[in-house]
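Based on the hints, put chain B in the right spot on chain A.
Protein chains: 2
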Amino acid sequence: MDSSAQLDSTNFLQHQLHDIVSLLEKQELEKSLVDKSTSSHHDLEETLIVKQHQARIQERLADMHSADIALILESLPLDQRQSVWNSIKGDHDGQILLEVSDAVRQTLISGMKAEELVTFASSLDADEIADLADDLPKPAMLKILRSLNNRERTNLKTILSYEDDQVGAFMDFGMIAIRDDLSLEAIIDYIRKLGKLPGHTDKLFVVDQDNIVKGVLPVQRLLTHAPELQVADAMVTDFVQFRIDHDTADASRAFERYDLISAPVVDSRGELQGRLCVDSIIDFIREKNDEEMLSKAGVEEDEDLFSGIWKSARNRWGWLLINVATALASTRIIGFYEDVILQLVALASLMPIVAAMGGNTGNQTSILIIRSLALGQINPDNVRRLIKKELMLAVLNGLFIGIIVGVLSWLLYHDKALAFVVGSAMLINLLVAVTVGLSIPLLRHKYGRDPAVGASIMLTAITDSMGFFIVLILAKMFLVGR
Amino acid sequence: MDSSAQLDSTNFLQHQLHDIVSLLEKQELEKSLVDKSTSSHHDLEETLIVKQHQARIQERLADMHSADIALILESLPLDQRQSVWNSIKGDHDGQILLEVSDAVRQTLISGMKAEELVTFASSLDADEIADLADDLPKPAMLKILRSLNNRERTNLKTILSYEDDQVGAFMDFGMIAIRDDLSLEAIIDYIRKLGKLPGHTDKLFVVDQDNIVKGVLPVQRLLTHAPELQVADAMVTDFVQFRIDHDTADASRAFERYDLISAPVVDSRGELQGRLCVDSIIDFIREKNDEEMLSKAGVEEDEDLFSGIWKSARNRWGWLLINVATALASTRIIGFYEDVILQLVALASLMPIVAAMGGNTGNQTSILIIRSLALGQINPDNVRRLIKKELMLAVLNGLFIGIIVGVLSWLLYHDKALAFVVGSAMLINLLVAVTVGLSIPLLRHKYGRDPAVGASIMLTAITDSMGFFIVLILAKMFLVGR
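Quick note, the sequences are listed as chains A and B, same order. The end of the first sequence is residue 1261 by the working numbering, with every number in the run present. The end of the second sequence is residue 1261 by the working numbering, with every number in the run present.
Treat the hints as calculated values from the structure; they're not laboratory data. If you're wondering where the values come from, they're calculated on a predicted model, not measured in any experiment. Some clues are possibly wrong.
If chains are identical, the list can't say which one is meant, so a pair holds when it fits in one copy or spans any two.
Once the Cα atoms are required to be at most 35 Å apart in a straight line, the calculated DSBU-like pairs of lysine-lysine come out as [stated by the list, open to error]: (1) K1075 / K1225; (2) K936 / K868; (3) K1090 / K1075; (4) K1225 / K1067; (5) K1255 / K1067; (6) K1225 / K868; (7) K1090 / K1067; (8) K917 / K1090.
Next comes chain A alone, as it looks inside the complex (with noise of 0.2 Å):
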């Protein structure tokens, strides 16, 4: 970072990447003059290049923010990315291992030795630690847990013994604990003394002999009120905290209900284990958000936008075979009709749009379910209103869609028989759909899974191959032999 205001982080980003790529590129450049020369000094005057070249890569890094360097690590190919790691990792410290994804985080890691992992993690917390854990070798893991101090280590592994959606695996342990029957003038000349506080201090925890959290301090009535006042008198006692076990997702949306920037974690009887800071929280929403989205597409994990091509293609792979498997359904559906194509092959161009628009419809309920059941805002006391309301409007679709896709069906082949078929299995279609829509996200809430996985490609695969059943046997019934 410059060392005045910064302004427009994005271009001036862009701006320092595009010199890095320039000054590797140079440098290859450079390297291959030496190759095509006739000197007998290749190999040292390589060296020479590579030296001078990262002396200048190191400079222009040296002042920047360790997430802004791990962008811009992200954003190089894997050659160039290596190139400047082995360039700068002497100087910094491992928080730029923690800015850059996990996908990215591999690439780098795997290329450095053990020694210098435990040195990197020397600098940082035992949370931060954590966070690198699944992608440290275990050798290196090892080393790092033997260089750690008691508390660290007993840290580190509390952290580690949650599960990624608890409250437990986000917490940090910067918090500042008190006792109640001090005086704020005591807790100032205390925090002098500190020198510092830890980052997104914004009150203390005010506990009890058994380390039970009685209240919170915010840290401005430090400030604002009386230094010959009592902790106790000047503390909050109505406030907010987090059970150590419970859903991290129950946190976040606490934390955005009552705008929060740091709350206590506690333990089943109340004592105080580490506190949640709205920065863990913040990266918790983008990573759930992230891997939603990636999720539903069928891209199994992050992917470093230049893994190598066959990790990448094992990434995707697996989504594609399970459709592909759900896709052949439905062409047994149809091989099973096909003599009633063959007398009618009208219906083989009709049959498609019957199947799609049952399963875009089928989504658009999946996802508000989804999304309300996120909130919320669905509970045992409302949801059969809800069922009913969305059936209504399923037969409201169904009605309009159904005329729309009959209509323009006569328009194509001038069969009102035909018509009628198409545009009634349309209707039933997104009966089907809705009511599936509806059924996946609850049943899977009820049964107290992640209601969005999977939803979309169960409702595909049945909406599919249930729009060509429809028509197909609509069809056999009514329209062949006429």
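Frame of chain A; chain B shown alone:
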């Protein structure tokens, strides 16, 4: 909120909601009993019952946080929602209106008089009134404007003059600006006189005589640094600020990257205009994500769970009609080749696989590109390498899926030529899909549009039509008339 620490807010809210619904149902029951009785004081008795229940509901909600009441209102069907709202709106300020979703806000406001709305607005800051402005009826808005003092009116107009995606629309005016020639002691005295700092005040903004931001003073430095120090010596000059007319999405990424709680907002000359806080940023991130998710499913705007059926239907028809239109295009392609299908009816069942798989693969590519664009990872320097990688991946995927689909076709119909045609069509359609999946977001981004808008529907329209077309044209060339 309870007057003690609040744990597990989700269950607490579900519990409250259930009690309120029970109260409302009991009220209905009692009213219907009065209706059936032969008493001559019907109306009087009914009014009494309603008053009693209103008092009970008021009592239940009296201590709750406005965000929690908002969630309860969102979860209630229209009639019950109105009944609860009528009971409590006298006791609460405008915060509840801020917290409910846009769709629900409209249902609440529609039943209110202009005077009531002005009273509500009087408890809100300019930036909060701006959030409501879209949903307020014009006469009420004019009355509110007249009720404001000059500074508030100017502030409100400033915010309203920026677009939804600009920093100016999300800022507030709760900043504290100080001069750099004061001592920290003087600042502490000033804060003590204020008695309270605005929420999210983690730093004070240091400005010169022209109101240009020179630095920021973290509030904690008032506690950790010597009181006789001058602001100029204690302030941080390496800080992040935002231009009022810049993109909020960029600002939200900066908040994430630099873990900000608040930051100054300045105009093009660097003059302080307001501040941006992390709570607005979280709201922005959520809103954007919800919008994206809903628009991908073709729900035009946020929907009240219990909005009228006609309103919901209209909200979803636009998308469904577009889909009918694109489906019609593929229909026409199939219709054109009906003779081919009549000669080889197996095509009718095999074509949909080729079309569907194209859509799935193209979608994977476009989602990854859209995400990388949003993260700022794609730039002129690496875009060519990225395109090359995705195209190579498409060839690999195409061969893999093409062979699988070819083998399946052969197993089903024992026709080698047919299997070869279907497999080749699969490969070609995947190449088309990935090309389109790359081009739409990259081109939209290049011309300054949102890369995500409409990507999925255009992609599916093209891969569907092309899937059918490629199968049929290859079949006509190689299979018909064998």
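Against the structure, the hints come out as follows:
Taking identical chains as interchangeable, the C-alpha atoms of K1075 and K1225 lie at most 35 Å apart whether they share a chain (21 Å) or sit on different chains (26 Å). With identical chains, the CA atoms of K936 and K868 are at most 35 Å apart within one copy only, with a shortest distance of 27 Å there and 49 Å across copies. Proximity of K1090 to K1075 under the C-alpha cut-off of 35 Å is found in both arrangements, the shortest distances being 19 Å within a copy and 28 Å between copies. Taking CA atoms no more than 35 Å apart as the test, K1225 paired with K1067 passes in both settings, with 21 Å inside one copy and 28 Å between copies.
Taking the shortest Cα distances, K1255 and K1067 never come within 35 Å of each other, neither inside one copy (47 Å) nor across copies (48 Å). Within a single copy, K1225 and K868 get their C-alpha atoms only as close as 49 Å, which misses the 35 Å cut-off; across copies the closest is 34 Å, which meets it. Taking the shortest Cα distances, K1090 and K1067 sit within 35 Å of each other both inside one copy (23 Å) and across copies (31 Å). In this assembly of identical chains, the alpha carbons of K917 and K1090 lie at most 35 Å apart only when taken from the same copy (22 Å versus 57 Å across copies).
This entry does not satisfy hint 5, going by the numbered hints stated previously; all others are met.
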